[in-house]
Each structure stands twice: as C-alpha cells, then as structure tokens.
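K.L.:
All chains should be built: construct the whole structure from the sequences, respecting the hints.
Residue numbers (the numbering used here), protein chains in the order written: chain A, 8 to 228; chain B, 8 to 228.
Worth flagging that the hints you see were computed from the coordinates, not collected in a lab.
These figures come from a predicted structure and were not determined experimentally.
Careful: at least some of the hints might be erroneous.
Below are the DSSO-like pairs computed for lysine-lysine, each with C-alpha atoms no more than 30 Å apart in a straight line [stated by the list, open to error]: (1) K221/B to K163/B; (2) K163/B to K68/A; (3) K68/A to K221/B; (4) K66/A to K206/B; (5) K68/B to K99/B; (6) K66/B to K202/A.
Protein chains: 2
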Amino acid sequence: MLATPVDTFEATLRACAPRLAPGAIVTDVGSVKGPLVERMEALVPAGIKVVGAHPVAGKEKTGVAAASSDLFRNALCILTPTSQTDPDALAKVRLLWEACGAHVHEMDPMVHDRVLGAISHLPHVLAFALVNTIAMIQERHLPGLDLQSFAGGGYKDSTRIAASSPEMWRDICLWNRNNLLSQIELYEARLGHIKALLKAGDAEGLTREFTRAKQLREMIT
Amino acid sequence: MLATPVDTFEATLRACAPRLAPGAIVTDVGSVKGPLVERMEALVPAGIKVVGAHPVAGKEKTGVAAASSDLFRNALCILTPTSQTDPDALAKVRLLWEACGAHVHEMDPMVHDRVLGAISHLPHVLAFALVNTIAMIQERHLPGLDLQSFAGGGYKDSTRIAASSPEMWRDICLWNRNNLLSQIELYEARLGHIKALLKAGDAEGLTREFTRAKQLREMIT
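P.N.:
Okay, structure coming up:
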C-alpha cells in the first residue's frame with residue numbers, strides 16, 4: 008500500500024518541525040498549494056512562519072545532474088499567502104525568489120490550484136495520454152513499426168513533458184484531483200467538438216476552431 | 008461554400024497538367040498521401056511520372072519570412088511509391104531530398120497516412136483542443152485572469168503547434184479523416200483511463216500509466 012502524497016508531505020514536515028528555531032520561515036516549492044499550505048500552517052509549531060511558494064519552472068529531468076544555474080531566471084514564481092501569513096516572512100521569501108531572477112506573483116492558494124491545474128497539470132496528463140496512445144496504435148494497427156521514429160518536432164515538443172517524473176506527477180494529480188477532473192472533462196468536450204466537426208466534414212467549423220486556438224496561442228511566445 | 012481540400016488539389020494539378028513536358032516528374036510535399044497520390048496518378052497525362060513525398064519537417068510559421076535553409080537537414084522525408092511508380096523517377100526524387108540533407112524512407116501511401124495520423128496529425132488536433140480548453144476554463148472559472156500568462160515550458164512546448172496554419176491543418180485533418188477519427192477515439196479511451204484512475208485515487212495505477220509513457224518517450228530525443 009502506497010502512502011498518499013499528503014501523508015508523505017506531512018511525515019516530512021513532522022520530522023522537521025522539532026528542529027525549527029523560533030521565528031524560522033518554512034516555505035516550499037510544491038506544484039499544488041491549497042491543501043498543502045493549509046496543512047503546513049496546521050502542523051508547524053507556534054512561532055514558525057509558513058509561506059507557500061511555487062516556482063513555475065522545471066524540466067522533465069530530475070536529480071542533481073540535471074541542475075541548471077539559470078532555471079529561475081525570468082521564470083514566474085507564485086507565492087500563496089493566506090490570512091495567517093506573516094507579512095515580513097512573505098517579503099523575505101519574495102526577496103529570495105527575486106534574487107534568483109524570478110518574477111514574483113501573489114495568488115490565493117485555491118485560485119493557484121485551479122490556474123496551475125489548467126495551464127500545467129492538464130497539459131502533463133494529456134502528454135502522458137498521448138504517448139500511451141501512440142503505443143496502443145502501434146500495437147493494434149501498426150505492429151512491427153516504431154511509430155516514434157517518424158516523429159517530427161510537433162510530437163517531440165508536445166510530449167517532452169511526458170518524460171517527467173511519474174511519482175511527482177502522480178502526487179500533483181492526486182493533490183489537485185478535483186480541479187483536474189473537471190478540467191479533463193472540459194478538454195474532452197472540446198476534443199469531442201473537433202471530432203464532431205471532422206465527422207461532419209465541416210471545413211468552416213474546423214477553420215474556426217483552429218483559428219481560435221492559433222490566435223490565443225500567438226499571444227504568448 | 009468552401010472548396011474541399013481534394014478539389015483545391017485537383018484544380019492545381021489540372022492547371023499544371025497541360026504545361027508538363029513528356030517525362031516530367033510530378034512530386035509534392037503534402038502531409039497526407041493515400042488519396043492524393045492516387046488522384047495525382049489518375050490526373051497526370053500519359054508519360055508524366057508521379058512520386059509522392061512528405062518531408063516530415065516544418066514549423067508553426069508559414070510564408071517566405073519563416074524560411075530556413077537547414078529545415079530539412081537530418082529531417083525525415085517519406086516517399087510513397089505505388090505499383091505505378093517509375094523506379095528512375097523515384098531514385099531522382101530520393102536524390103533531391105538527400106541533397107537537402109534529409110533521410111529518406113519509403114512507405115506505402117496508406118500506411119503513411121496511418122503513421123502520420125498518429126504521430127503528427129493527432130498531436131496537432133490535441134494541441135488545438137488544449138488551447139481552446141484553456142480559453143473555456145478562463146471564461147467559465149477564472150474570468151479576469153490571463154491563464155496563459157502563468158504558462159511554464161510545459162504548456163508552451165505542448166501547444167507550440169497550435170499556432171500552425173488553420174487552413175493547412177483543416178485540409179490535412181479532412182484528407183486523413185478516417186484514420187484520425189479512430190485515433191482520436193483511442194486517445195479518448197486512454198485519457199478516460201487516467202480519469203478513472205484519478206477518480207479512484209489509484210496511485211499505483213497512475214504511477215504505472217505515467218511510467219509507461221516516460222519510458223516510451225525517453226526512447227527518442
């Protein structure tokens with residue numbers, strides 16, 4: 008039986024708690040904030056200050072060998088203060104991230120989880136599903152071919168994040184399960200719409216759908 | 008009423024046909040081969056040689072300003088000879104692509120469409136759907152926020168191809184509609200499986216699913 012992600016998180020915090028000096032600031036770099044910031048605040052001893060933080064930067068690689076000294080330069084770092092957050096602790100954690108070159112943005116922890124569910128967790132789940140679909144198509148319809156050997160930049164870019172840590176993404180998905188489930192359902196509806204347009208041979212509908220995506224995507228670099 | 012893709016293709020070929028010298032080779036760079044190679048072979052005058060070609064390289068940008076002199080260097084180019092293909096014409100087209108630095112692979116036109124449906128057309132459709140889902144989530148659940156402004160490398164990479172030409176991808180999707188529809192359905196099943204694991208809180212199942220994707224994706228760079 009695997010420990011649940013929150014169990015693992017709690018166990019780490021409980022192990023650290025007795026060693027924290029009065030006035031110490033506890034901060035993190037987790038990808039989910041709502042349930043964890045709440046739990047951190049409940050678990051630390053009196054006098055210890057909690058500041059939730061999420062640097063939105065990372066790679067599909069893990070471990071010391073994958074370290075990069077400019078990982079946070081010009082990256083976004085989201086801090087998630089609550090009504091309990093100490094303003095001085097918040098300011099210190101902000102300075103820490105700014106010193107690493109990050110742009111700091113503050114956000115409610117629950118809003119954070121909805122935003123990141125959509126813009127980060129959902130794309131990861133979709134990438135894992137795409138790679139596994141390629142395996143299925145190969146097994147069922149193209150045995151003997153190595154489908155990935157025909158990949159151009161499109162597939163490679165869109166599945167790069169499928170090489171991310173399975174354990175980390177399992178935990179993120181479970182922590183942010185409710186947001187993610189409703190966002191997956193919206194995605195299914197959107198994909199279902201394209202499928203319906205394709206079935207109907209609706210060239211104008213497809214142009215409209217693809218143009219909308221292109222225009223939105225071109226708003227960022 | 009829009010012209011169907013095949014109509015556009017036919018019109019171009021019909022306009023060129025009277026100007027082709029005897030022995031001329033007609034080749035193309037289209038992303039779908041099955042129905043088009045067949046049509047090309049049926050439409051060219053006697054003595055004209057058809058060779059279907061698909062360089063698997065490109066960018067989300069179009070037009071002369073987006074040209075790149077090394078676009079085809081080390082890229083894959085798939086040639087799709089049929090029983091009617093002239094071996095000398097095939098060899099010449101192969102030399103042309105090799106001179107551009109491409110690695111040439113020969114494949115049956117129908118197999119080509121299934122392979123590229125999976126490894127190229129499907130990822131494009133999924134990227135268009137993802138960007139439009141982000142728009143939906145923003146409108147419905149996070150009005151006032153610009154969701155894309157919180158994007159890290161994951162979303163950016165996985166949606167880069169959503170900025171591709173809507174007209175070109177409309178045509179590719181319609182040409183390869185049957186393969187694409189069945190592949191979208193396999194994708195829906197795979198995503199549905201992840202959704203079920205999430206709903207059940209099945210940590211081991213999620214780890215298995217994500218690990219399988221990671222292992223397969225790491226087989227290519």
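K.L.:
Compare the structure with each hint and give your call.
P.N.:
Status of the hints after comparison with the structure:
Pair hint K221/B plus K163/B holds up; C-alpha atoms about 19 Å apart against a cutoff of 30 Å. Taking the CA atoms of K163/B and K68/A, the gap is about 17 Å. The hint holds against a cut of 30 Å. Restraint check for K68/A and K221/B: the C-alpha separation of about 11 Å stays at or below 30 Å, so the hint holds. The straight-line distance between the Cα atoms of K66/A and K206/B is roughly 27 Å, inside the 30 Å bound, and the hint therefore holds.
For the given pair, K68/B sits about 29 Å from K99/B by alpha-carbon distance, which is consistent with the 30 Å threshold. A C-alpha spacing of about 24 Å is found between K66/B and K202/A, which places the hinted pair at or below 30 Å, so the restraint holds.
Violated hints are absent here; each numbered hint is respected by the structure.
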